[in-house]
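Visitor: These are the residues of each chain, in order.
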Amino acid sequence: MTLVVKRAWTYFLLILLCLWSVIPLIWALSTSLKPNDLIFSYPPKWIPTEVTLEHYVAVLFSGSFAGSNFGRAIVNTIGVALITAIITLLVSTLASYSTARLKVPGSNGFLIMVLSTTMIPGISILVPLYIFCNRLHIYDTYLALIMTHVAWRIPFTIWVLHGFFKNIPEEIEEAALIDGCTRLGAFFRISLPLAKPGLAASLVLILVYVWQDFLIGFTLILSDEKRVATVALYDYLSQFRIQWGELMAATLLAVFPVLALFLVLQRQFIHGLTGGAVK
Amino acid sequence: MLAVFAKCVRKYWVGYLLLLPATCFVFFISIYPIIYAIDWSLYSTQYLQKLSFAGLSNYYEFIGSPRGMHAFLTTLIYCFGSLAISVPLSMAVASLLDRPVRGRIVFRAIILIPWVLSQTVVALLWKWLLDPYYGPINYVLQTLGVGKVGFLSSPLLALPTLIFVNVWMSYPLGVVLILAALQTVPRELIDAAVIDGASTWLAYRYVKFPHIKHTVLVVLILQTLLYFNMVTLIYVSTGGGPLGATETISIHLFKSAFENWKIGYASSVGVIMLVFNLLFSLSYVKALRREA
Chain A
777 MTLVVKRAWT YFLLILLCLW SVIPLIWALS TSLKPNDLIF SYPPKWIPTE VTLEHYVAVL
837 FSGSFAGSNF GRAIVNTIGV ALITAIITLL VSTLASYSTA RLKVPGSNGF LIMVLSTTMI
897 PGISILVPLY IFCNRLHIYD TYLALIMTHV AWRIPFTIWV LHGFFKNIPE EIEEAALIDG
957 CTRLGAFFRI SLPLAKPGLA ASLVLILVYV WQDFLIGFTL ILSDEKRVAT VALYDYLSQF
1017 RIQWGELMAA TLLAVFPVLA LFLVLQRQFI HGLTGGAVK
Chain B
14 MLAVFAKCVR KYWVGYLLLL PATCFVFFIS IYPIIYAIDW SLYSTQYLQK LSFAGLSNYY
74 EFIGSPRGMH AFLTTLIYCF GSLAISVPLS MAVASLLDRP VRGRIVFRAI ILIPWVLSQT
134 VVALLWKWLL DPYYGPINYV LQTLGVGKVG FLSSPLLALP TLIFVNVWMS YPLGVVLILA
194 ALQTVPRELI DAAVIDGAST WLAYRYVKFP HIKHTVLVVL ILQTLLYFNM VTLIYVSTGG
254 GPLGATETIS IHLFKSAFEN WKIGYASSVG VIMLVFNLLF SLSYVKALRR EA
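Each protein sequence line maps, in turn, to chains A and B.
Note that the first sequence covers residues 777 to 1055 in this note's numbering.
Note that the second sequence covers residues 14 to 305 in this note's numbering.
Simulated from the structure, these hints should not be mistaken for lab results.
Certain hints may be false.
Straight-line distance between alpha carbons at most 30 Å, and here's what the computed DSSO-like set of lysine-lysine pairs gives [claimed, not checked]:
no. : chain 1 : residue 1 : chain 2 : residue 2
1   : B       : Lys299    : A       : Lys879
2   : B       : Lys221    : A       : Lys942
3   : B       : Lys226    : B       : Lys299
4   : B       : Lys221    : A       : Lys782
Computed from a prediction, not measured in an experiment: that's the story for all the values here.
Bound-form chain A, shown alone (with noise of 0.2 Å):
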């Protein structure tokens, strides 16, 4: 009796953590899907008696989103992510390459060092970033915003790199060597096909964070139609009037691909996401 009351309580309480969870989405949904009248109704209703998709529509394709449409900002944190996931995969992958294969003299601190400059906030830097970009005039441009996303996912990118390369048997790229394959070729029919689950790893990884960031968006980037999503998010809230409507519709948008990649890659994310915290 004793074991059931408590099973009973242990899925009690489960479903109240994820209750929990979940309130302030599905609030948030509501809201996004309540035309403005109920919206500031009162007493709030948690399911709408009338369901508009007004507020997705507004907050895509017509520019009142403080500016400019939020459907630009999307695309710009697209392009962005994209493009510093191209560039740190690329030189991560030739740096961990060298560490792991090659072994210069010296791959070891430099392993040391990289890792070490996670250690700095990005907060402490920031400023100086800031006057860097004025300095060299690169300030309001995604060339600032790419390069300082790049330079700050590099070192656990190489880390985790570093790790699958390793992993794989040097005999193999030996093989490949004495049968004629360059040391190029080597690389690119053995290395990398075999590392495939890393750079993956480490391409979600890089897209999420970049997707999340508010920090450097906010304070390398002025322009309203060069703003990425998150910083397109906060100034709405400094309109006169805050159409909450519109907001939470933009809120889920942004929310949308990061929880749709979680859902679908559970293991892999919690596995990169920790990855870093436990080795």
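Here the structure of chain A is known, so what remains is to put chain B in place on it, guided by the hints.
Guide: Only chain B this time, still in chain A's reference frame:
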């Protein structure tokens, strides 16, 4: 001999060339800015102009001013308040998920959702949920006869409210790490303890806890780092207000730099934050070493 040497050089040359791009990025965008920040922190400035060498006066301004001290105290309350709730909560929820439950993966996924949301999004969701006029929470409070509560606009309630939201967002990381550690506790050890008559609590206290101790320490340090450096959640929720009630050191730095344009002063605060971060990180590395 010469051929071997030349071959060696060529081999290493390629290796170093491959390291070059990463080194450049990390050096110019992570390491050099620190030197730059230290340099600027020693000058009195006006917008982006260095005026005159000021020695440590920027540092004294932070340590000596009431506003600096206030930011320091606010940071302490914010960090310790959040840690005091989030770490025990992570341990409790991890234990709950460690019990034999059906659909553990589904429960875990849903419980983890707040952790994958960005700080901007979390701030906006809660701002709307806690809205004094149209939010459902205030409606409930009102029907209970408490009246309208401006959670984020009251100087007294803003900091506790932010601590609550911060815990909501950040405790799942602890759950994942501690749950992973709990699942490595050998089944036989727990069974043996239970056969010997240990209660659930005693089994936890003397069998499981020693096993997860280091992971809890790791979680503690990771969360401290997160809370200490946090800008976005606080800045979007309250902007450091009302009346400076939620102005932590990181928010103080951010506002000094990008609202008041006190670049030299903000640089000195940045250097102070960096020193704290290095201390936390070194203790983290030490904790990991002990675990391994």
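Visitor: Hint by hint, work out which the structure violates, then give me just those numbers in ascending order.
Guide: 2
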